[in-house]
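**Student:** Dock chain W against the given chain P, drawing on the hints supplied.
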Amino acid sequence: MTEIIKMDKITKIYPGGVVANYQVDFSLKEGEIHALVGENGAGKSTLMKMLFGMQRPTEGAIYLKGNPIVMKSSQDALNYGIGMVHQHFMLVPSLTVAENIVLGSEIKGKFFLDQKKAIEATKALAKKYKLSIDANVKVRDISVSQKQKVEILKALYRGAKIIILDEPTAVLTPQEIVELFEQLKLLKQSGHTIVFISHKLHEIKKLCDRMTIMRDGRSVGVYEVDKVTEQEISRLMVGRDVKLDIDKPEKHVGETFLDVKDVTYVDELGKTAVNKVSFSIRKGEILGIAGIEGNGQSELIELVTGMKKPTMGEIYVNQHPITQLGIKKIRQLGVAHIPEDRMETGIAPKMDVASNFIADKYDNAPFVKNKFLLDYKKIAVFAKDLIASFNVKTEGEKTLVSGLSGGNIQKVVVGREFSSDSELLVINQPTRGIDVGAIEFIRKKIIERRSNGNAVLLASADLNEILSLSDALIVMNSGHIVGYFPEASEITEEEMGLYMLGVKTQTAEEIRRACHA
Amino acid sequence: MRKWKHSVDLFELLRILLALVIAIGVSALLILITSETPLYSLSVFLFAPFEKLKYFSNVLEMMIPLTFTGLSLCIVYQSKNFSLIADGCFYMGAVVASFVAIKFVLPVGLHPFVAMVIAGIVGGIIGVLPGIIKIKWQANELVSSLMMNYIFYFLGLYIINYFLRDPQASVFASYKFNPTFALPRILEGTRLHVGFLIAMASVVLVYFYIYKTKWGYELRVVGDNLNFAKYSGINTAKVLIVSQFIAGTLAGVGGAIEMSGMYKRFIWDSPASYAWDGVIIALLTKNNPKYVPFAAFFLSYLRIGADLMSRRSDVDNQIIAIIQAVIILLIAAEHFLAKWRLKSENKTAKDKYITANLEG
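Residue numbers (the working numbering), protein chains in the order written: chain P, 1 to 517; chain W, 1001 to 1360.
Okay, chain P solo, but in the shape it has when bound:
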């Protein structure tokens, strides 16, 4: 097999001084499925964005079949036959599948897009690569896995010979993943080269030929997939042996602390995002919410924390109804919240670490003197304490939060929320996009709070995380609770996948068990 792509000593430094890649060598052989492996934040996506022309390397060169190429945009990459399917799809929801596929390189009639030809082209393409899809439906009406197919077809339509897939399985159920792998193998047979970005080792074992492992922005080696064990890969990725299972002491449940009763939420677009949801959480237990992204989990979390107000229903925190209360009042009732998107909602980036630690408690006793002045001395002491106990890697409490790494920013968020006198922790994606050390640390802290008798509501896209942390589990599908499992440890990922897809649904009777009081 010939080498089709060679990336030579690539260094990428983002504005603000984040070194995302440091002297990375990466090469692709024609017709292989090449895994790009590494923990979140290891620099995989950055490297591929440079291969797809979305970012330009600070240093280093890219060769296509031995010739150096410079790409200023993804259009350049497409012209070189390089396509990419992003983690977040780049589709126009109001257009049909066919329109989306030809968008940007349309076959034009006299003035308008030739719909017929577009549909024909889509059908021909779908047939050729055995990616079954209805060309006439609007993209907003199709499922996530179908959207992914549209993205792949879009790349193929533009003549991509090299296709980069950025964590394609993150949004899929186990059943859909099997289907995707079949399709990718077909593509490989027809001569395409595929880059498969992932950090799920068993998937790589099943699908890929070779792999490049990245850690902390560097490449730590290229391997034949069948010549290394999962344990070895894991060690290379992390730099040490990881303990993947979590020690969880016996649970001791107390009285009900959170009670959600028939809550419905209709969003601004008129979509019923949360539909008559009822459940409760007792002190000392972790209730996980599983579901494919966009099935109401995020909205539910925001309803419980007061970020959104339900259209119908009531939520009780420690028996107080909260739907009429402001966020401050809800927090005072003992609710802490780790938000889904830490950059968007979890921090003030241009303020220092200390200021970020006190955002929910700045106007209370220890931090205020003379009624309205901030006591910076006490704030500094408090911040130093938290930096130490949450192991935040920073120069000091006066460093701007935007200068920290993702994992450390998350620790700042977790540190702040866990240091308030809360009894209910509402946690959404606690470990998304952060390094392994931080993941372990945060998971341990969550367990610790449970042992101290706190109630925890946990949503995570990481099935493994949610299965291993949760005591009980609810699964959501299109706004409904479709399953309640009192013992999270007794359910497999496959079983959960069926519920997440909506293939299986429990009876109303079974779901009602989610309410305890």
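Because the hints were derived from the structure by calculation, they are not lab data.
Backbone N, C-alpha and C define an ideal beta-carbon position, used for all residues, glycine too.
Some clues are possibly wrong.
[Claimed, not checked] Beyond 12 angstroms from chain W on every Cβ pair, some chain P residues (computed):
hint	residue
1	Val18
2	Leu103
3	Lys251
4	Thr256
5	Arg342
6	Asp462
[Claimed, not checked] Facing chain P, from chain W, some residues (calculated, C-beta under 7 angstroms):
hint	residue
7	Tyr1207
8	Tyr1209
9	Lys1212
10	Lys1214
11	Tyr1217
12	Asp1224
13	Asn1225
14	Asn1227
15	Phe1228
16	Asn1317
17	Ala1321
18	Ala1349
19	Thr1355
[Unchecked claim] Simulated pairs of lysine-lysine, DSBU-like, Cα-Cα distance not exceeding 30 angstroms:
hint	chain 1	residue 1	chain 2	residue 2
20	P	Lys378	W	Lys1212
21	W	Lys1212	P	Lys309
22	P	Lys384	W	Lys1264
23	P	Lys384	W	Lys1230
24	P	Lys9	W	Lys1343
**Tutor:** Relative to chain P, chain W alone:
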């Protein structure tokens, strides 16, 4: 890290200084090209304000309104609510103060103080309006504030024309202010008045408000990340309203002080446009009140210099507009000198990365 952070601060300072130097350089070049007596004009422009105590005092006098609108805009920009209503607040502050000056007779000292308080309250109320409209109806505060400036300008003219205008005066002017209204002078032989001290005290107070109080903390959080402020439980609407009120009050008080310190009658038949100077000052100071007096001094010095130059030579004082335009352009242009910064940033970032990951 500390060193790196330092170099960024240093970079910002250099960037601003270089922008100022380039701006003055451009205007110097223009003077040299257009003037019949280029060197003389230039030397008047750059050095004349130091010639006499009176001129220098003029610089300090002009600093006063600039300081007030500068502080006002610092607060406005800290909140990321880009309202320019300070112009309306300043103008109405002056109108209201004139009303108090003409219609009331109060003891010396108390008279201007009462005017300032009323002007401050009026300024504050006006200052809040674009914010309220934004909170209630999501109207863009920049547009609404600019339009409201016209409303308040014409309202002010109406008040002067119908209640305070002196029919005896040959030009647009109000009746004379009662003498008790005048602020005392603080420097013999100049017009420098107590307003200067009030302005400097305001600098300290506003700095205190933004960086030392819990309200200032709320303001900075709201300005940095509105979503985060809401999520933390901060009452963002309240913060917005309070901060805009304070900003409006400062501008209103500035207008009143300008009247009682510098004028005998109200004679502004067009808005004074000090709000735009406030914008330049906020830009130069990065919204930190600590630096407002320096920026105000700089702007004021250039103006007095240009004024003297236009009186003594053939160069018009409109040269100031060019200087300001160049300054705003260079400072607002994020990419000005960015390459230079990027290079040094990249180098430090790489060094840091190497020590963190490749050694030890």
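**Student:** Does the CB of asparagine 1225 of chain W sit less than 7 angstroms away from some CB of chain P?
**Tutor:** At 5 angstroms from the nearest chain P Cβ, asparagine 1225 of chain W passes the 7 angstroms test, so the hint holds.
**Student:** Decide if the proposed pair is consistent with the structure: lysine 9 of chain P and lysine 1343 of chain W, CA atoms, cutoff 30 angstroms inclusive.
**Tutor:** Answer holds: lysine 9 of chain P to lysine 1343 of chain W is near 18 angstroms, not above 30 angstroms.
**Student:** Over 12 angstroms to the closest beta carbon of chain W is the bar; see if valine 18 of chain P clears it.
**Tutor:** Given a closest Cβ separation of 7 angstroms, the condition is violated.
**Student:** Against chain P, is aspartate 1224 of chain W within 7 angstroms by beta-carbon distance?
**Tutor:** holds, 4 angstroms
**Student:** Closer than 7 angstroms between Cβ atoms is the bar; does tyrosine 1217 of chain W clear it against chain P? Give me holds or violated.
**Tutor:** At about 6 angstroms, which falls below the 7 angstroms cut-off, the nearest Cβ of chain P leaves the hint on tyrosine 1217 of chain W intact, so it holds.
**Student:** The hint names lysine 1214 of chain W as touching chain P; please verify it with the least Cβ-Cβ distance against 7 angstroms.
**Tutor:** holds, 5 angstroms
**Student:** Does the interface hint hold: is tyrosine 1209 of chain W within less than 7 angstroms of chain P, judged Cβ to Cβ?
**Tutor:** This hint is violated: tyrosine 1209 of chain W lies away from chain P, its Cβ roughly 10 angstroms from the closest one there, beyond 7 angstroms.
**Student:** Was lysine 251 of chain P rightly flagged as not at the interface, with every chain W Cβ beyond 12 angstroms?
**Tutor:** Non-interface label on lysine 251 of chain P holds, nearest chain W Cβ at 29 angstroms vs cutoff 12 angstroms.
**Student:** Holds or violated: is there a CB of chain P closer than 7 angstroms to the CB of lysine 1212 of chain W?
**Tutor:** holds, 6 angstroms
**Student:** Holds or violated: alanine 1349 of chain W as interface residue toward chain P, Cβ cutoff 7 angstroms?
**Tutor:** holds, 4 angstroms
**Student:** Mind checking the CB of asparagine 1227 of chain W against every CB in chain P and telling me if the closest is under 7 angstroms?
**Tutor:** With a minimum Cβ separation of about 5 angstroms from chain P (threshold 7 angstroms), the hint on asparagine 1227 of chain W holds.
**Student:** Against chain P, is threonine 1355 of chain W within 7 angstroms by beta-carbon distance?
**Tutor:** This hint is violated: threonine 1355 of chain W lies away from chain P, its Cβ roughly 11 angstroms from the closest one there, beyond 7 angstroms.
When the structure is compared with the earlier hints, violations turn up for hints 1, 5, 7, 8, 16, 17, 19, 21, 22 and for no others.
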